[in-house]
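Peer 1: Spelled out from the first residue to the last, the chains are:
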Amino acid sequence: MSVAQTEPVLKETTREIVTAWERTTSSRRLYTVIGIILIAIGFVGSVQYADEANAGHFFERLPHLFDFLQWLIPNDWNDVWRALFDRASPLDNGSEAYDFAAGRVYVWGDFYIPEYFELMITTLNIAILSTIVGFLFAVPLAFMSARNITPSPAIRFGARRICEFLRAFPELVFAGLFAAILSAGPVPAIFAIILHTIGALGKLFYEIIENIDMKPDEGVRSVGGTRLERIRFAALPQVLPNLISYGLLRLEINVRASTIIGAVGGGGIGEELRLAISRGFGAKTLALLLLLFLTIIAVDQLSAWMRKKLVGEHQFLLAH
Amino acid sequence: MFELKQVSRVFGRKTAVDSVSFAIPAGQMVGVIGRSGAGKSTLMRMLNRLTDPTSGSIVFDGLEVSALKGSALRSWHRDCAMIFQQFNLVPRLDVLTNVMLGRLNHRSSMMSVLGLFSREERIMAIAALERLGIEQTALQPAGTLSGGQQQRVAIARALMQQPKVLLADEPIASLDPMNAKIVMDALRDINEREGITVITNLHTLDTARAYCQRIIGMAGGRVVFDGTPAELTTEAVNRIYGADGAIDETMTSTAINLVPSPKPVAAGVLVSAVH
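Taken in sequence, the protein lines are chains A and B. With the first letter of the first sequence counted as 1, position 287 gets the number 310 in the working numbering; the numbers rise by one all the way through. With the first letter of the second sequence counted as 1, position 262 gets the number 277 in the working numbering; the numbers rise by one all the way through.
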């Protein structure tokens, strides 16, 4: 039995629907193919343009990539551990490349914190402090920006523009500005990250707040609650787990930001990393990269775990 | 004593409530019936000023309700408690805190925001829950309760307000028959024991007949019936719902003791209903 025999007989009008569907589908496919071709042309063209605009040609220089990285390979691989934990190196000849033990930070007696760990703590501290302060400023700004909480268009407009302004500049721009006023170090880094965090979180938060269920709010309003009480009892319990979750995500981002700002004079581990790279200290660079890598993974995992716990509970309650 | 004079509410081009006037003496239990979109909910929300009237005046015991603002308005919200079809509790807060929210207007805002409620308020709240038979749920998040339990929490919250009037906007529309009976019994109990005026929107006619001393029927934003349950004849029901004798109360009834008797239906009627 052939397929044609089992095909149902269609009414004239129904058959027209099938033809129309086939027509629209084939034209849609045609547009997709044209679109892919255009994107391919644009991609190849821009790669060529970038390559020509570059001083050394990218593809010609590519094989030399590993020549450049050769200095990273230490004379003695054990030096990476020694650099990390500030143990004296047998290669120590008085130069800064091997003066690992010199950086020890003594706490009491013979107990010391290795230099790089201390710098990592500084960097983490910058990130944690600026995330907390940024969070605390972002929450009220977000409530002032949310249409469902703040009826006054003037206040909403003001709060939203403040967040946009703060978000518009990368941390590095603020850091440069504050470094000029407050001189280099962790303090301008903290101010820079706080300002960007307020802008970034404020925007995320007000979108979360605008999506809340307004029935509890109406309930609190119907008992005669003030605006502050409505925020506290109807809005905040709904959004708090999400706000904290985004705050933790921001902490991850801020650890990286504080490392980068460190590299341009903000103190902490970033500064040390830049020095080690620019002077070609292989063992030190590897030790710093390893520590940075492990810390960032640890922070990401920890915050992912906490966010999962928070949002998990959230989903449980919304199911009812 | 509630007095409404020519109260109207316009949404864009649509007039939801159209020059409604009536008076409700203190202590009455009133049912408001009508089709969906007849303006019942809007009327209810204007009484408690969650919605502002476009024109007209609402007066309660000499107080010009329709002109209130700021803290006077919040005091009115307190005196005119409201329960909702969707309960409007805070699902993440525990039941006891939800009930204590009824005290917000009786206390300092700063203490409330810190979540500091007094021992008297906690005892008052648990007593209200006990009265409604759900004291064992006090520590659960309100969102985990069944619909019937949530509506009773909402009534307990309203009791905490120590109101002069209790409005109920379709309080039993989301509930099963057993819970609907419990909630309506609770409203009647509040009306009879505390002497609080109760005004409730209802969708089931037999509930309105069974519980209310007075029934107000609305159609197209206007009051088209105002009288006792006995006066609510088939003719009056048709005027309210605009259906020519098509409503059989036993079909929509959710009453527990009322058993609808199946009537023989002609085959022709069934066929015409399909097309």
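If you are wondering where the hints come from, they were derived from the structure by calculation, not from laboratory data. Being a predicted model, the structure only gives us computed values, none of them experimental. The C-beta atom is built at its ideal place from N, Cα and C for all residues, glycine as well. A few of these clues could be false.
Think about it this way: if two alpha-carbon atoms lie no more than 25 Å apart in a straight line, the pair counts; the simulated BS3-like pairs of lysine-lysine are [what the hints assert, rightly or not]:
id : chain 1 : residue 1 : chain 2 : residue 2
1  : A       : Lys226    : A       : Lys332
2  : B       : Lys179    : B       : Lys84
3  : A       : Lys238    : B       : Lys179
4  : B       : Lys84     : B       : Lys20
5  : B       : Lys84     : A       : Lys226
6  : A       : Lys226    : A       : Lys331
7  : A       : Lys238    : B       : Lys196
8  : B       : Lys179    : B       : Lys196
9  : A       : Lys238    : A       : Lys226
10 : A       : Lys238    : B       : Lys20
11 : B       : Lys20     : B       : Lys196
With the Cβ distance kept under 7 Å, some of the chain A side facing chain B (calculated, not the full set) [as the list claims (entries may be wrong)]:
id : residue
12 : Arg38
13 : Asp99
14 : Asp122
15 : Pro176
16 : Ala177
17 : Ser245
18 : Gly247
19 : Arg250
20 : Leu251
21 : Phe256
22 : Leu259
23 : Ser301
24 : Ala327
Only some residues are given here: those of chain B computed to face chain A with a beta carbon under 8 Å [as the list claims (entries may be wrong)]:
id : residue
25 : Lys20
26 : Leu65
27 : Thr69
28 : Gln101
29 : Asn120
Peer 1: Next pair to validate is lysine 179/B with lysine 84/B; report whether the Cα-Cα distance is within 25 Å.
Peer 2: Given pair lysine 179/B, lysine 84/B holds - Cα atoms ~19 Å apart, limit 25 Å.
Peer 1: Interface hint check: serine 245/A, Cβ to nearest Cβ on chain B, cutoff 7 Å. Holds or violated?
Peer 2: Given a least distance of 4 Å, the restraint on serine 245/A holds.
Peer 1: Against chain B, run the beta carbon of serine 301/A and see if the smallest gap drops under 7 Å.
Peer 2: Where the cut-off is 7 Å and the nearest Cβ of chain B is about 52 Å from serine 301/A, the hint is violated.
Peer 1: Can you confirm whether the C-alpha distance between lysine 238/A and lysine 196/B stays at or below 25 Å?
Peer 2: holds, 24 Å
Peer 1: Under 7 Å is the threshold here; is the Cβ of aspartate 122/A close enough to any Cβ of chain B for the hint to stand?
Peer 2: Cβ of aspartate 122/A sits 55 Å from chain B, so the hint is violated.
Peer 1: Against chain B, is alanine 177/A within 7 Å by beta-carbon distance?
Peer 2: violated, 19 Å
Peer 1: Tell me if arginine 250/A is really an interface residue toward chain B, meaning its C-beta lies closer than 7 Å to one of theirs.
Peer 2: Violated. Min distance 10 Å.
Peer 1: Can you verify the interface hint for leucine 251/A: is its Cβ closer than 7 Å to any Cβ in chain B?
Peer 2: Hint holds; leucine 251/A Cβ to chain B Cβ min 6 Å, cut 7 Å.
Peer 1: Identify whether the interface hint at asparagine 120/B stands, where standing means a beta carbon of chain A within less than 8 Å of its own.
Peer 2: holds, 3 Å
Peer 1: At a threshold of 7 Å, is the proposed contact between glycine 247/A and chain B supported by beta-carbon distances?
Peer 2: Interface hint status for glycine 247/A: holds (3 Å vs cutoff 7 Å).
Peer 1: Taking 7 Å as the limit, does the beta-carbon of aspartate 99/A come near enough to a beta-carbon in chain B?
Peer 2: For aspartate 99/A, the interface hint is violated, since the closest Cβ of chain B sits about 58 Å away, which is over 7 Å.
Peer 1: What's the verdict on lysine 179/B and lysine 196/B, does the C-alpha distance respect the 25 Å limit or exceed it?
Peer 2: Status holds; Cα separation ~23 Å.
Consistency note: the structure conflicts with the earlier hints numbered 5, 10, 11, 12, 13, 14, 15, 16, 19, 22, 23, 24, 25 and 27.
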